[in-house]
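Asks: Spelled out from the first residue to the last, the chains are:
There are 4 protein chains.
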Amino acid sequence: MKYLKERGYQIMEKEKVNVVGVIGAGRIGRLHINNMRNMPNVRLKTVSDPQADHMKDWFSESGVENLTKDYKNIISDPEINVVFICAPTSLHVQIITEAAKAGKHIFCEKPICFSDENTCKAHKVVKQAGVKFQLGFNRRFDRNFAKTKELVKNKAIGDLHILKIQSRDPEPPSLEYVSHSGGIFMDMSIHDFDMARFISGSEVEEVYVVGGALINPEIKQYEDIDTALITLKFENGLVGVIDNSRQAVYGYDQQLEAFGSKGSAKVNNEKESSVEVLLKEGVKSSNPLHFFLERYNDAFIEEVEQFFEAINNDEEVPCGFVDGIMAQRIASAAKESLLTGLPIKVEKYQ
Amino acid sequence: MKYLKERGYQIMEKEKVNVVGVIGAGRIGRLHINNMRNMPNVRLKTVSDPQADHMKDWFSESGVENLTKDYKNIISDPEINVVFICAPTSLHVQIITEAAKAGKHIFCEKPICFSDENTCKAHKVVKQAGVKFQLGFNRRFDRNFAKTKELVKNKAIGDLHILKIQSRDPEPPSLEYVSHSGGIFMDMSIHDFDMARFISGSEVEEVYVVGGALINPEIKQYEDIDTALITLKFENGLVGVIDNSRQAVYGYDQQLEAFGSKGSAKVNNEKESSVEVLLKEGVKSSNPLHFFLERYNDAFIEEVEQFFEAINNDEEVPCGFVDGIMAQRIASAAKESLLTGLPIKVEKYQ
Amino acid sequence: MKYLKERGYQIMEKEKVNVVGVIGAGRIGRLHINNMRNMPNVRLKTVSDPQADHMKDWFSESGVENLTKDYKNIISDPEINVVFICAPTSLHVQIITEAAKAGKHIFCEKPICFSDENTCKAHKVVKQAGVKFQLGFNRRFDRNFAKTKELVKNKAIGDLHILKIQSRDPEPPSLEYVSHSGGIFMDMSIHDFDMARFISGSEVEEVYVVGGALINPEIKQYEDIDTALITLKFENGLVGVIDNSRQAVYGYDQQLEAFGSKGSAKVNNEKESSVEVLLKEGVKSSNPLHFFLERYNDAFIEEVEQFFEAINNDEEVPCGFVDGIMAQRIASAAKESLLTGLPIKVEKYQ
Amino acid sequence: MKYLKERGYQIMEKEKVNVVGVIGAGRIGRLHINNMRNMPNVRLKTVSDPQADHMKDWFSESGVENLTKDYKNIISDPEINVVFICAPTSLHVQIITEAAKAGKHIFCEKPICFSDENTCKAHKVVKQAGVKFQLGFNRRFDRNFAKTKELVKNKAIGDLHILKIQSRDPEPPSLEYVSHSGGIFMDMSIHDFDMARFISGSEVEEVYVVGGALINPEIKQYEDIDTALITLKFENGLVGVIDNSRQAVYGYDQQLEAFGSKGSAKVNNEKESSVEVLLKEGVKSSNPLHFFLERYNDAFIEEVEQFFEAINNDEEVPCGFVDGIMAQRIASAAKESLLTGLPIKVEKYQ
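Protein chains in written order, with the UniProt record's numbering: chain S, 1 to 350; chain P, 1 to 350; chain A, 1 to 350; chain L, 1 to 350.
Treat the hints with care, as some may be off.
[Stated by the list, open to error] Distance windows between CB atoms, simulated:
(1) S:Gln51 <-> P:Asn118: 26 to 36 Å
(2) L:Ser261 <-> P:Arg37: 36 to 46 Å
(3) L:Lys56 <-> A:Glu61: 23 to 33 Å
(4) S:Glu203 <-> P:Arg37: 52 to 62 Å
(5) L:Tyr222 <-> S:Lys280: 27 to 37 Å
(6) A:Val17 <-> P:Asn236: 27 to 37 Å
(7) A:Gln128 <-> S:Lys280: 34 to 44 Å
(8) L:Lys16 <-> A:Lys72: 56 to 66 Å
(9) S:His290 <-> L:Asp116: 28 to 38 Å
These are computed hints drawn from the structure, not numbers from a lab.
Cβ atoms here follow ideal geometry from the backbone N, Cα and C, with glycine treated the same way.
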């Protein structure tokens, strides 16, 4: 049902229509706009971007009613009740604060902020305002990971003993991007830290990292690496490992295994096609889907649909502020482990 | 690119906008309407259905401008240049004839007509009118079958020797449906007959059928069967076999193998998820996608996009009238083979 | 247990020792000799071959006690109670007759004889002699096919509706071999005819063949083909199809699917290795095992062990004389279908 | 060729016959004896075991000429040129020393000794004696791991960046066994440490361990764990992780991935059968082979054949004394990491 809904097959139910403003019209902002076009309970009122002048062509076919350079026009619009924050990370806390104070529900891309202190301040504001706040950890909404979460939760594989996450990008980002990315842990592994918490249902206590700049040594100038093995100790005794690479030449590699006392659940990659070719020299089959927008296309839609459901039914969002804080703290601990060569404790959030 | 386009990511190119009328608002009509909503080069002007009175709710969110009971309102609308025929098969020839004479391009669902004579007459009208006519053999546009077609065409597997098509529905249709379906060959196998011609690039010369009413003996009253093995001899020497079942309890089973002198290309099923669960009693993985709308969702979009491209660039459509005639003739020969117990020649179309 | 036994791990049980003579020391004769060396309940007394003079080196390390040119030395040896017939097909009936009359249990390679009449006569002699007779349809003893037989028998997949056998050799035999092979049906497909009867537990009523000399047209001079699609109608209503090719360039392709009212059981190929290589240009994995001695190595051991068990416990053999007669009759009908272009009935054996 | 040789097909070549004594007739000793029975270049002269009195039945069918209680009868037999040491670990150094001084070639099971000092002393003796010494790291000889080693060595996947080893037993050993096993690292992980060195061709510099007694807390009394994640830093920059569990309920799980700059090579499990069953509730397939003797049967044969080849051609053995020392040192470092919670350096061997 959910699936068909995503695909836009006819939905009869009359739902409350949310009036949405989107702040930031880069790749991810446009992605959300495009997905929301087909949602019957959404009205796309305004999109803001400092580069608005150069976006006329895109805007004319975007399905959004208004385009503005200044996001404050969204914050101050009383008709708008939901804000999507797709601006650069450095602006997140400011916009969250303003939007929350204006009483708007917030969907924000990850990470919230590179500073733990400022993140926690923003959290306080959001709590006081009593608005919904959902973080864009889209992978939780992938049908495969969501199914595995269920299997673990239902003890289908017994008690969880080992969690393995294999998460590799198809191509390294530019050095320019690396320079302000916050580093591999805050930029890339953060999704895996959230996945580790999501699947296990347990908090990470300690992190240990080995790795290096094996793909492009130039990124060392930013105290960054491109290949990492991250060991995790969890509160409830299980152990986990994440391996990250910025360059899996064969495609976007997103796998996970939850191994337990009664069995194991394994998420394999989704492939570009189901065709196998058998030749004298061996069997050839397709690579994993290459692009994160292909692999997680349905997940991006699902996370937003669940966000609107939480708003309309006044329920808890499926991925909240504390999830962001904890993933960021694991990322910080990972960075410290890399620099010191030692296992580092992760501070709990009260 | 094509893929992203389907998914609706921003397209800059300005294309000629086609004004579309859809005749018939049942499952398949609504499917096409929903898919066309996101196509920038399409304006959905009118949808007609005799049951229009009961479709107000759906219509109000359909994105179509007008709803009418009478398809003639579409035919007579000079602004509409493209007609989608999603009405019952028995009405196809009449509507095709009227639409062609009105100079409209036509997209028609399969089969064209149960009568070879009437089908051929309609073909003449369409040819004389000089309009585009595309038939809805959607499976040609599935990424897996399309890739296999390319592999065969490029001789990646050498000369084709054996073609195997495994095509099974998850559940049998109702007896009521069976009674006016035209029989398993005209209703279900017809897709496989087209696939056989499409992949091989050769005409079928002779058909031989064995099978029976193994799932539900009651369908025998309609001279129909639910389980069939259909052997095909092709003009250029290769041989083929199709196996059909109306009931594969594990899901919609759509596989194909093209075996040749230098290797083999195999289309496997697409699965509901990529998760494997390893337990003491064995490994469990997902069934094939259960529903044809899931398996062929992208193919339904792709066929329509290619149709509009053919119109806008005045090129040949990827699946035309003769493809429909030949698939229907193979279906007729198959029926005759079932009744006589003998191999039956297929008449060529000149 | 069985498995470990095959592999030769220590067996404590004391069993009756059978004294064996092997007639014919070609590839298959040597294979059986080699396998029997490790069987504690077997004494390899004599091997006969007209070419014995040229086999001294092999013989000296074969583990057999005596080598002779004349198989009659085996027939007349009162100590020998079991005879393996690995001589050319044309000699089978004569040797079977003599061995049976001498009271020896017989293991014979397939086919028994190209003449149905002579085969039936030999059967009568064997029955009168009351000796055990097992035919070498080794594939029945492959763990995968045996497991599928069990699944079908136990109705794990409900009633059987469709049986598909894919059986392809890696390389075509020499023309010289083809000339006296008895043709593709008697030489190659005969294994698949037996498999069809074995898995279904039903008799084949009618056969229809299409095919051609697509790999090497020269074999037409022997009224033979190298590519065949064989449709089978069974007594109990199910339908089946076998596809044979003399040349699957990617390896020895031995697959089967039993499709029924409650599901499907599929035997996939065994692969040369379990290694997958993921590269920019796609995923490469191993071909099926190339050689029938690799794929069916364990099955060759298993069939002989079960033969000796049947002797020692005076039980029915798992694959008997009638199984050979029926597979031969299906082969004859297939040949007739090829020549006439019509479906041909298979005569039952009473 | 090698493969067929393993399977025992006729070998013509005349090779020097080695006269073998086997010390210890437990499971692994009997395994080697059984495998050597079929090797034409081996004469099984004597087997020794303190429990010889209770082994008469087994011995009578073992194919070995003599059975003795005292291994010194093997050491002092001038005809015996090769000794297999399959006695308890605690006796290894003593027997190695005596055998080497007696000029015999040695095949020894792992580990050599729990003490690094005594291991190094034994190494000196062996070097001085100039005899061949091969250690029983059988997994190197598995066709899948051997193929992956070749792929890495040939740079088929570019430079190695990440090495992942998944190594899990089907069932935990008894507490009694655990008490004198040397602990999980010395008993179980040691195979994986060797595999890490073998595949990477690089030395391990540092080890970090997390894990616990998650399956059976009682083993804590032996300072042991049953679930471990072991992070490895290698000399040449790559990083690795081993995950071990004493209990994978679904079978013996032996997988490995070598991920590099140009792609990835993945060793998957070998399965009990190739049969898949498709049912309404999902697809069921076979578990991995359950028992290490099944999975590594061919590898056990291959390692011994290569040992005799090294002797007969006076070449280097494929797995030598230093390989044993280094794997033991990694195991010791792993134990120290577990106890201290810190990464531990591995001492190099000069």
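Asks: List in ascending order the numbers of the hints, as given earlier, that are violated by the structure.
Replies: 1, 4, 5, 6, 7, 8, 9
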